[in-house]
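Here the protein sequences come in this chain order: L and R.
One gets our numbering by counting positions in the first sequence from 1 and adding 1078 to each.
One gets our numbering by counting positions in the second sequence from 1 and adding 247 to each.
Where hints are given, some of them may not hold.
[Said to hold, decoys possible] No farther apart than 30 Å at their CA atoms in a straight line, the calculated lysine-lysine pairs in the DSBU-like style are these:
| no. | chain 1 | residue 1 | chain 2 | residue 2 |
| --- | --- | --- | --- | --- |
| 1 | R | K351 | R | K295 |
| 2 | R | K347 | R | K388 |
| 3 | R | K257 | L | K1183 |
| 4 | R | K287 | L | K1087 |
[As the list claims (entries may be wrong)] Sample of chain R residues facing chain L (criterion: CB under 10 Å; computed from the structure):
| no. | residue |
| --- | --- |
| 5 | K304 |
| 6 | Y402 |
| 7 | E445 |
| 8 | A448 |
| 9 | N476 |
In case anyone wonders, no lab produced these hints; they're calculated from the structure.
Quick caveat, the model's predicted, so the values are computed rather than measured.
Virtual Cβ for every residue (Gly too), placed ideally from N, Cα, C.
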Amino acid sequence: MRRRYIAVKIDSNQAIKKEEVFYAIWDSILKMFGEYGASQTDLRLIDYDSENRQAILRCSHDALPLVKASIPCVTRIGGGAAAIHIQLVSGTLNSLRRKLTKQTKKSNSAMPR
Amino acid sequence: MQRVRDAAVKFFIDLHLCPNLEDQDETKMMIEKSAELGYKAVGVTFPKKYSQSEIEKTRKICSEAGLDFIHRVDLEPSNTTELIRSLRLLRRQVEVISVKCLSKSVARQAAKDRRVDVLSFSPLDVRKRFFDSAEAELASKTQVSLEFDLAPLLYLHGYRRIRLLSKLREEAFIAKKFNIPIILSSGANNAGLLRKPEDYASLGYLFGLDLNDAKRAVSENPKEIIDRNRRKLSPNYVAPGVYVIRRGEDCPDG
Chain L
1079 MRRRYIAVKI DSNQAIKKEE VFYAIWDSIL KMFGEYGASQ TDLRLIDYDS
1129 ENRQAILRCS HDALPLVKAS IPCVTRIGGG AAAIHIQLVS GTLNSLRRKL
1179 TKQTKKSNSA MPR
Chain R
248 MQRVRDAAVK FFIDLHLCPN LEDQDETKMM IEKSAELGYK AVGVTFPKKY
298 SQSEIEKTRK ICSEAGLDFI HRVDLEPSNT TELIRSLRLL RRQVEVISVK
348 CLSKSVARQA AKDRRVDVLS FSPLDVRKRF FDSAEAELAS KTQVSLEFDL
398 APLLYLHGYR RIRLLSKLRE EAFIAKKFNI PIILSSGANN AGLLRKPEDY
448 ASLGYLFGLD LNDAKRAVSE NPKEIIDRNR RKLSPNYVAP GVYVIRRGED
498 CPDG
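Kindly produce the complete structure, drawing on both the sequences and the hints.
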């Protein structure tokens, strides 16, 4: 089964737990596509970095458009206002991490000193 | 060639920011957030009569954030006479004119008037969305685009969101059939409702826009309007297709 790995950044003013991120995305998929749609996504939360507010999700390749359409619809996480922005999508976890590191380096070098 | 196309696609524009202009901090926050999210230009909505100094203040905030500022006015005329009068008054002053069509007659007039850039409809009352085949046929003869505000998709829930999605799907299908450019904008009035341009393109999936069309709707389509109108507003514009190329001493002797 082909899969896709999605790196997302959470935009919120409060501390957010790993489960809260997953349930917020899951809830959004359920609202937009119902249980049938959600069953096709095979969604998993692979990694969550609470310090950088970054998460890595895994989903089925076929359900990628569905997951990508549901993520921006998240407006609340754990009772507080929040937004989730998709950073990168990749076919393997290794390439996603490599691209993320590259992106972070690029944004750090672009920051004014 | 591919790289050139990618560069054109990456010029993302949010043509519809609706900050509370009384609150400068909120306006600044929204503009900075837009820059952070990857936009290169933002269209800020101003009322019809607004002081030039306030507009310049917003322009300055945009340039400090590294964004191209687009002056936009949303007209909400109650009848066609009011629409025509407003267009005559504003067309040579603002870069983008959007008409929020509250009645069918206004929608029809706006669709056939070349001075209108963008047609928009109520996101909350789908019965007041008058974009049908007849409207699209009129719009296809002018250069009017159809705008979808995406913030309502984020804050509406349940039945109202279902109705809106169903209507957007129908309108997107008609627009594609008649080659009407679609524009995806935020329509956000607070920073919490802003999303990345790529996220807006992904939301297009919900109403049947394929990813390439959706990306064009946040980049090339609004850019075409801006470029066209800036050419027209420049002092070198004389009439459709006629521009001043050289002046004074630059002109070669006959």
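Hints versus structure:
Taken as a hint, the K351 (chain R) and K295 (chain R) pair is honoured in the structure, with Cα atoms around 22 Å apart against an allowance of 30 Å. Distance hint between K347 (chain R) and K388 (chain R) is fulfilled; the C-alpha atoms sit about 19 Å from each other, no more than 30 Å. At roughly 20 Å between alpha-carbon atoms, K257 (chain R) and K1183 (chain L) fall within 30 Å of each other, so this suggested pair holds. Proximity of K287 (chain R) to K1087 (chain L) is assessed by CA-CA distance (about 20 Å); at most 30 Å being required, the pair is judged to hold.
With its C-beta approaching chain L no nearer than about 23 Å, K304 (chain R) sits outside the 10 Å limit, and its interface hint is violated. Given the 10 Å rule on beta carbons, the hint for Y402 (chain R) holds: about 7 Å separates it from the nearest Cβ of chain L. For the restraint placing E445 (chain R) at the interface with chain L, the shortest Cβ-Cβ distance is roughly 6 Å, inside the 10 Å limit, so the hint holds. A hinted interface residue such as A448 (chain R) counts as satisfied when its beta carbon comes closer than 10 Å to some beta carbon of chain L; here the least separation is about 9 Å, so the hint holds.
Because the beta carbon of N476 (chain R) sits about 29 Å from the nearest beta carbon in chain L, more than 10 Å, this interface hint is broken.
The structure shown violates the earlier hints numbered 5, 9.
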